[in-house]
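Now for the letters of each chain:
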Amino acid sequence: MDLATVLGVVLGFIVIIGTILHEGNIAIFFNLPAIAIVLGGMTCATMIHFSMGQFLGIFSVIKKTLLHKTIPPQELIQIMVNYAAISRRDGALALEEEIDRIKDPFMVKGVQMLIDGQDEETIRELMDLEIQYLEERHARGKKILDFMGSSCPSFAMVGTLIGLITMLSRMESPDQIGAGMAVALVCTFYGALLANLVFLPLGGKLGQYSKAEKISMEMIAAGVCAIAKGESPTGVRERMQVFISAKRREQVKAKV
Amino acid sequence: MDLATVLGVVLGFIVIIGTILHEGNIAIFFNLPAIAIVLGGMTCATMIHFSMGQFLGIFSVIKKTLLHKTIPPQELIQIMVNYAAISRRDGALALEEEIDRIKDPFMVKGVQMLIDGQDEETIRELMDLEIQYLEERHARGKKILDFMGSSCPSFAMVGTLIGLITMLSRMESPDQIGAGMAVALVCTFYGALLANLVFLPLGGKLGQYSKAEKISMEMIAAGVCAIAKGESPTGVRERMQVFISAKRREQVKAKV
Amino acid sequence: MDLATVLGVVLGFIVIIGTILHEGNIAIFFNLPAIAIVLGGMTCATMIHFSMGQFLGIFSVIKKTLLHKTIPPQELIQIMVNYAAISRRDGALALEEEIDRIKDPFMVKGVQMLIDGQDEETIRELMDLEIQYLEERHARGKKILDFMGSSCPSFAMVGTLIGLITMLSRMESPDQIGAGMAVALVCTFYGALLANLVFLPLGGKLGQYSKAEKISMEMIAAGVCAIAKGESPTGVRERMQVFISAKRREQVKAKV
Amino acid sequence: MDLATVLGVVLGFIVIIGTILHEGNIAIFFNLPAIAIVLGGMTCATMIHFSMGQFLGIFSVIKKTLLHKTIPPQELIQIMVNYAAISRRDGALALEEEIDRIKDPFMVKGVQMLIDGQDEETIRELMDLEIQYLEERHARGKKILDFMGSSCPSFAMVGTLIGLITMLSRMESPDQIGAGMAVALVCTFYGALLANLVFLPLGGKLGQYSKAEKISMEMIAAGVCAIAKGESPTGVRERMQVFISAKRREQVKAKV
Amino acid sequence: MDLATVLGVVLGFIVIIGTILHEGNIAIFFNLPAIAIVLGGMTCATMIHFSMGQFLGIFSVIKKTLLHKTIPPQELIQIMVNYAAISRRDGALALEEEIDRIKDPFMVKGVQMLIDGQDEETIRELMDLEIQYLEERHARGKKILDFMGSSCPSFAMVGTLIGLITMLSRMESPDQIGAGMAVALVCTFYGALLANLVFLPLGGKLGQYSKAEKISMEMIAAGVCAIAKGESPTGVRERMQVFISAKRREQVKAKV
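Chains as they are written, first to last, in my numbering: chain A, 16 to 271; chain B, 16 to 271; chain C, 16 to 271; chain D, 16 to 271; chain E, 16 to 271.
Chain A with its partners taken away, still in its complex shape (with noise of 0.2 Å):
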């Protein structure tokens, strides 16, 4: 798993309960009705937004985002950058012994392709469509974490509400206010903690994953489409390296 996610959590997490712990009472942040409605109102809400497949897919989106690994860009271009010596020097059919070492689906399809002699259009096109819905398919995950986001804060502004309204029946003198608003303010601060440190930036990750994924993406489109249209090695490279920063590209001095 990603260090800098657990890091922050568990970080995080120190930092707050050292926070609770310097106050003194730690005691009355354990709240069970609290901690129900917060987590129980958030679940419930998601479940209408999204569909039982969507909702119950959520963990394994999470698991499988977080723990999935891009090909770092300097090994993309360098793998392309032999392909298109392997096509230009023995044809596109020669591309077939390769075909069975890669392992990311995305170029695999690209490469048969290749083999297949299709036209750089039509390439493109299926490529594209294909890195579009797969945006889409990704795109989900991060909506469904951003709902719990927001839906924490409401649903904690509930449970607060239903605390104030039972402690401000009953009081008999201002005097009592204390205590009672202490248990409803329990409520409002899980909301603004598991929206702030858990919900939201998972959210945010989550995005970041797939935007990597799709640029990986497009760097195999642009480099299987340069070759498809004849380009020399050399011309694969330089379509290839606009996609990563001026630093980065003398990094990679892919041979060609």
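These aren't lab readings, by the way, just hints derived from the structure by calculation.
Hints should not be assumed to be uniformly reliable.
As the list claims (entries may be wrong) - Here are some of the chain C residues that sit facing chain B, going by a computed Cβ distance under 10 Å:
#1 D17
#2 V24
#3 V25
#4 L26
#5 E38
#6 G39
#7 F44
#8 G106
#9 F204
#10 L217
#11 G218
#12 Q223
#13 E253
#14 V257
Claimed, not checked - Residues from chain D shown here face chain E by an in silico Cβ test under 10 Å; the list is partial:
#15 T61
#16 F70
#17 L176
#18 I180
Only a predicted model underlies this, so the values are computations on that prediction, with no experimental measurement involved.
All C-beta atoms in this analysis are idealised placements derived from N, C-alpha and C, irrespective of residue type, glycine included.
Chain A is fixed; fit chains B, C, D and E onto it per the hints.
Okay, now just chains B, C, D and E, sitting in the frame of chain A:
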């Protein structure tokens, strides 16, 4: 009706009512004037915002969309692959026999254009227009529910302000603030609950259904256009598989 | 005027006033300075934001748009199908006789271009420009109402702050907070009510009307272009039916 | 300067000061530290957000834009119709005599390209680029004012927090809350007033002017391109009338 | 470093600290746990949202961008006009001598393509891709700062809630509310200050720099493409001047 929607609403209200019962005083949460002002204000604002027809049609839109079933993508692909085989073997006119068995009116329209021998470009243009305007009509249902969801907390605030102002204007000492404030806040509670547990997630679900139907229609359009172009059954399958995830593609072994 | 709009505003105020009367103290809700600051501040901000002409024109824009009637789509389709038949039978020049009976200036323009023998591309380009700029002119009315709706709560807050600050600066004990606070909050009440029951939903309705008119114009443009292209009456009907729902299409049995 | 802007600002402050005087205690609303923190904080944040040149140029941008006059559309149409007549009668070179009388630099550029005998496509491309980049330069003035408008309430909140914290830390009994709170809230009052009566509506007006100028430039571009295409004066009028409302078109009887 | 940025931050803190000193009690505003929770929480959320590399790179991105200098537009135009003259007189190959003196890597790439004799379309396509992906890389820095700016007030709220809940749960009478509330609100103060005086305006400045660099690159692309098309030096100047304001154009008397 969709299981997740029913479960979400029912469980959500159980969680909320359970928390209230646990706090101990449920009577104060039943407040007819508060319900009247939140639901009444929201209904009136919706009537002003939308036309009478749109307003009265919201229930049927919700019902129809929630009950609506889109054809599973694997089935869609199989059907189109079959049509491609028939069209290749016996010519597009042979599809005439199939057309009576199709239930989806969009697919009927597409196949009819194949039989009429329209060229790919015309078919694509008309089907795209059809998808675009259907989407606009579907979007309206979501817009009404979203407007309701954003209107609830506003009228809840109006109701709370009426309660607060009346209570404050009569109050002789801050000791009396409790009970009056509790009643005023019940409005805010209704607004937050209706918006976050009912209207906003229902609007979200409508959006999900509408998106699923759009993808279904785009798959049909891609299939029909591929057949019009004279693609082989394998080619039709290739073009339609772009819309579904890699994992699902393996399940879908459309016989060619 | 649109029935839903009138009903919505009238019923909305009945609900609000009914709730106030039920609470029992309506006198405190009549507060001239509060009305002055909310409506006055909003009016001044609107004058600064928009030009004098736009500001003074808002009433006529609202009136015209609310009274405006778009031609029902089924009628539009029938008219265009008839024109296609005439144009096919007797040539485009025969439409000259029809042109005096058309009331809609946009349709007049389209038919005139048909008579002038303009080609489809020129007609499409000019009609699209016309639709685009009409839309921009219509959007301004909605923008003014939306600005008013968002300005009301802001000046309500300014008014409430003036009341609060004055009250707090004179207060000698927290026991006096009640009455002063009630007066200050009346401003907030006006702001929330005017924004959510009047300006924002009225702006929404303007948007609905503008969208309906746009679709009407797009249908006319589609029909005129189809005639210019020499489509048969059936073809014209096909192209215009895209804009209406499947259910309505069955009602529309435009005689060809 | 635009009358509506002056009237709006002056009347707005009269309404606010009138309400304060009616409440009776204007002294408390004059609070130099509150003004310092709201205006000072906002100015510093604006300096960080934008570059020194943009920051110092804001006053001249506002002045220039508010004093700027766009040519009325009917006049624009008449001028272009005349040019079309000259160009048709005596050739584009005959426009050379007119060019010295044109004040608008954008129109000069367009007519110069006509004289140079450039084709329609080149003229359209260059004029579109010019419109696009002028729009971007104009948008910056609006962005600075909008940023100022959103910055004011933020620094007002910072000021109110400073006041509140200081007051609360010294308070010995809640009875003292009144006066201190009043002073702290004056900051919030300044922030809300400056944002909603000055910066946000001024930014809106800049946007209106910029849009009016854009339409004016698009009309010139449409006219020049129509002349380059060899359109008749009537054709030029037709193409330029698209930009104005039907009602105004009747007023505009550009002599052909 | 940019003068406006330094001045803005320094003056901003002087204004804030000055106001605090004027109020008289600066000690209460130094509160280590409050700083820890706002900065700590924000840092952890940023680590979760972005990847480790992006998180650690934020300081170098800020530094590089703030120190970065774009070539003034008038200089850019002069350089490109000179290249056009050389290219016209001695052919594109003669630009080989100039290429060593160019520092900007984007301009080097463009001129290299001129020397290689690539056609205008290929150059435009590659340079546009380059601009697009550079923009995306630059946008990330702004995104991180904007996320930090929106995260600060959230964790400030979490901190304030911890303080409030602890204080309320221990409070025996409302008379004690003052001091505890003051401490709790210091968190909110930090959050508002850091967001509005540091992170959000810094993010805005990054956006300004990125936009300036984008325009600079678009000017180079326009110039190189014009040279590839064989435009005269005057034509090159014309096409590049579109990007700068009319006032500045007079200052720029690029010798042709």
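We went through each hint and held it up to the structure:
1. Because the beta carbon of D17(C) sits about 7 Å from the nearest beta carbon in chain B, less than 10 Å, this interface hint is met.
2. Interface restraint check for V24(C): the shortest CB-CB distance to chain B comes to about 6 Å, inside 10 Å, so the restraint holds.
3. For V25(C), the shortest C-beta to C-beta distance to chain B is roughly 9 Å, which falls under 10 Å, so the interface hint holds.
4. A hinted interface residue such as L26(C) counts as satisfied when its beta carbon comes closer than 10 Å to some beta carbon of chain B; here the least separation is about 5 Å, so the hint holds.
5. Against a cut-off of 10 Å between C-beta atoms, the interface hint on E38(C) holds, since the closest Cβ of chain B lies about 4 Å away.
6. Interface hint at G39(C): satisfied, since its Cβ lies 7 Å from the closest Cβ of chain B, which is below the 10 Å cut-off.
7. The interface hint given for F44(C) is met, as the beta carbon of that residue sits about 7 Å from the closest beta carbon of chain B, less than 10 Å.
8. Because the smallest distance between the Cβ of G106(C) and any Cβ of chain B comes to about 25 Å, over 10 Å, the interface hint for this residue is violated.
9. The beta carbon of F204(C) comes within 4 Å of a beta carbon in chain B, closer than 10 Å, and the hint placing it at the interface holds.
10. For L217(C), the interface hint holds, the least distance from its beta-carbon to any beta-carbon of chain B being 6 Å, beneath 10 Å.
11. The restraint placing G218(C) at the interface with chain B holds, with a minimum CB-CB distance near 8 Å, inside the 10 Å limit.
12. The beta carbon of Q223(C) is positioned within 10 Å of a beta carbon in chain B (closest approach about 6 Å), and the interface hint is therefore held.
13. Because the beta carbon of E253(C) sits about 7 Å from the nearest beta carbon in chain B, less than 10 Å, this interface hint is met.
14. At about 5 Å, the closest approach between the beta carbon of V257(C) and any beta carbon in chain B falls short of 10 Å, and the interface hint on this residue holds.
15. Restraint check, T61(D) versus chain E: the minimum CB separation of about 8 Å is within 10 Å; hint holds.
16. With a least beta-carbon distance of about 6 Å to chain E, the hint placing F70(D) at the interface is held under the 10 Å criterion.
17. Against a cut-off of 10 Å between C-beta atoms, the interface hint on L176(D) holds, since the closest Cβ of chain E lies about 4 Å away.
18. Checking I180(D) against chain E: minimum C-beta separation of about 5 Å stays under 10 Å; hint holds.
Violated hints amount to a single one, hint 8; each of the other numbered hints is respected by the structure.
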